[in-house]
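Based on the hints, put chain Y in the right spot on chain V.
Respectively, the protein sequence lines represent chains V and Y. Each residue of the first sequence is one higher than the one before, counting from 1 in my numbering. Each residue of the second sequence is one higher than the one before, counting from 1 in my numbering.
Just so you know, the hints here were simulated from the structure itself, not pulled from any lab data. One or more hints might be untrue.
[Said to hold, decoys possible] Only pairs whose alpha carbons sit at most 20 angstroms apart, straight line, appear in this in silico EDC-like list of lysine to aspartate or glutamate:
1. LYS207(V) / ASP131(Y)
2. LYS281(V) / ASP85(Y)
3. LYS281(V) / ASP88(Y)
4. LYS208(V) / GLU46(V)
5. LYS281(V) / GLU44(Y)
6. LYS208(V) / GLU44(Y)
7. LYS27(V) / ASP178(V)
Bear in mind that the values here come from a model prediction, so they are computed numbers and not experimental data.
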Amino acid sequence: MKSKLLFFSLFLLVFSCRPPEPQPPVKGDLEDIPYAPTAYHLQLPEGFPPMDIPADNPLTEEGIDLGRHLFYDPILSLDSTVSCSTCHLQEGAFTDNKAVSDGVMGLQGTRSAMAIMNLGFVTAGLFWDGRSPSLEDQALQPVTNPVEMRNDWATVEQRLRRHSDYPAMFRKAFGISDSGEISKELVVKAIAQFERTLLTFNSKFDKKFLYNDPTVEFTDSEYRGFEMFFDFPGSALPDAQCFHCHNAPLFGNNDFFNNGIEEVATLDDFPDLGRGEITGKTFDNGKFRAPTLRNLVFTAPYMHDGRFETLEEVIDQYSDHVHFADNLDENLSFPINLSESQKQDLINFLYTLTDSSLVLDERFSNPFE
Amino acid sequence: MKKKSFFFALFALAALSSCNKEGKGTVVLNFKALYDGSPLVMMEPYAYNDTLDVFFSGFNFYVSNIRLIKEDGEPVELTDIDFVDFDDMDNLSLAQQGFTLSFPDLPSGKYKAVQIGIGVPMMLNETRASDYPSGHPLAKDSHYWDAWESYIFSMTSGKIDANGDGVFDDGAVLYHCGSDEVYRSKELTYAFTLDKKGTAVIPLKVDLHHCFKEGDGYIDVIAHPATHTIDNLTWAMKFMDNMIQDFGID
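Chain Y extracted, bound-state conformation:
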């Protein structure tokens, strides 16, 4: 009898542990958009420079080739492509919560870094929105630019008040950045432990105002309101360079 129950216990243990092989956990990437260090609220007016006020109606971008790096250097793949979207964060509480991407079933243990790309990597950028079923991050027809044969990697839109009358009809900001040349990636040092059945949150941030930095000030968005043509990638490059530089742990 004793023997029997021993075997039973052993069997139960085996069954249990096979459900939870090495001990898996969930990693949540929590992205926050900021403006000068505060949560970016859509449609909320902000000072852009000494003369201009701005509000944003959209800020979104593709993230790609996201990997966690274990303490021993072994990479753990999270996803090859996903989409981060702040467009609906039109109040402070939403903006404070930020945008999350969750990755369950990851090996528990100690990690030291996260690698991430901003934009659509070259291989995937050869595909097009109509190649994907609805719901796939790359199925967004508004983010595929036929004439460029590229996805729009990051899309920022907003309106400008230049004369201080409180009406934002003096210009617009429309930074559509796409094409292989503006793909950017980065490794962020971040030490954390993922417990078995646990959840680890990696807090990430990008400051939208900093994405417009130029020299000692900010890009002249009246003179360069849009990054709209592939022949002139100057401002798209500038924006994406700033973005990847600012992108970091919150």
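One chain only, chain V, in its complex shape:
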């Protein structure tokens, strides 16, 4: 009995191990195109933190180039009129300089487009409310957002697979062997790679304080603004408290705050609940991620709803009109009360965070032009 069983199983084993009938090999339509991606090393300056790059999406020159094309290509939107760059323009440090952005068919959202620069350092989640965990995840959203690109991914994938250039670019970037393998996952990986290269660290501030360039001088006014911004000890000037939420070198923060711009009777009354919408906690209502203050000269209007046209308005707000709420950040609970000239000093300091190389760099520009 036992030996019968043994023979039977042996037979099964032999049988099942037989190689399948030879089939004509399925050849992907892209296999003749060489796949030899070139690793891309981000040059991060002294004084910047290391950047988290997902292990499954290393930067390559081919991936970045593909991402740049996709970023600028309206092919992603329903009626092929809107690209990422419609709302994220290079000349605006990748904002659109509108309070709220226009999507397809003139539709509008409720928030202001955010600048895309140094975003590889954001770990608290992307968007004003931090609802998206990664640049890859974030890039999935606009395509299907009903007031942005209003498309569906199946359509986008279909268009890209049939395109005359994209299949080869996907092959070179990700080694796919068939155009049928073009997927939304690869689209957003490429876009995220491109976004991680959108770095800015060549401002006057950087030159003076990060690279200690002896030829760069701050004016007295800029220096006064600097002292107030960072609450310099021993300075006779008021503490403007800015650095608590906009710390160097990134000048943003991986956390969410109520910075007192909204007058509300209760925490339920914020017109945009911001972070509270995501966490479901009342105490998070009206909190937003503190964005970077780099390149403000290019990114007006300001705040999540673009309510302030000018930096003068922003500084007036922080100095004289901070609204109380239970969750107002305590750093702003004490009136700052800057004089008019001190306000100007602070603005002059903020302008030292300008790095026009970001808006001029050819590598970040529209590849179709």
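Same frame as chain V, now just chain Y:
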């Protein structure tokens, strides 16, 4: 045959025990924040003194150079730096659970004490947030104070109701304590046995109200709402002195 199986058993034993060399266990530090002896719940109003009510929106601090001391006096290092954060403990059950730090792979045996520092020790305080990858306790940009060239060792924030109308808009408490001078450390006597593959919990507590003690009462937080400038460390020192004094086994 017998011999063979004997050797096999010996080999298996050796293999097994090499996975679990001296017999390792896990130590959990369970920190609880209290207010007058009860679990501190964020955003919950408390009486501060005869005239003021307060609620807290944040309480967090660095802990450092944490060591366990074995019964024979030999120290066992747990970590050089970590971060204890009560900011999200906005209900009683979270506050009762407290904040935990776990340290696996520690030698089993008898222990008699735990050493702990509050704040960032001098060597590490020479570094800055941007030196660290995200996720590292010292990578917190909100806890690095450029102008002080120091980390903020402990951060306490809250709001005050002084006129009894139930609205906490009469002032704020903002105790940011930093710089090498306010680093504090302590050894706590605590006898426990860590079993092989076992877990030992060390219950720790600090009472936030006690951190504000001054004389027979509490720091006048209307007059001294913030410890914000390095030129005047008086209240930061006071706070940190109180904190380390109150810090103990729960």
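Hints, verified against the model:
no. : hint                  : result
1   : LYS207(V) / ASP131(Y) : holds, 18 angstroms
2   : LYS281(V) / ASP85(Y)  : holds, 18 angstroms
3   : LYS281(V) / ASP88(Y)  : holds, 10 angstroms
4   : LYS208(V) / GLU46(V)  : holds, 12 angstroms
5   : LYS281(V) / GLU44(Y)  : holds, 14 angstroms
6   : LYS208(V) / GLU44(Y)  : violated, 45 angstroms
7   : LYS27(V) / ASP178(V)  : holds, 8 angstroms
Of the numbered hints given earlier, the model fails hint 6 alone.
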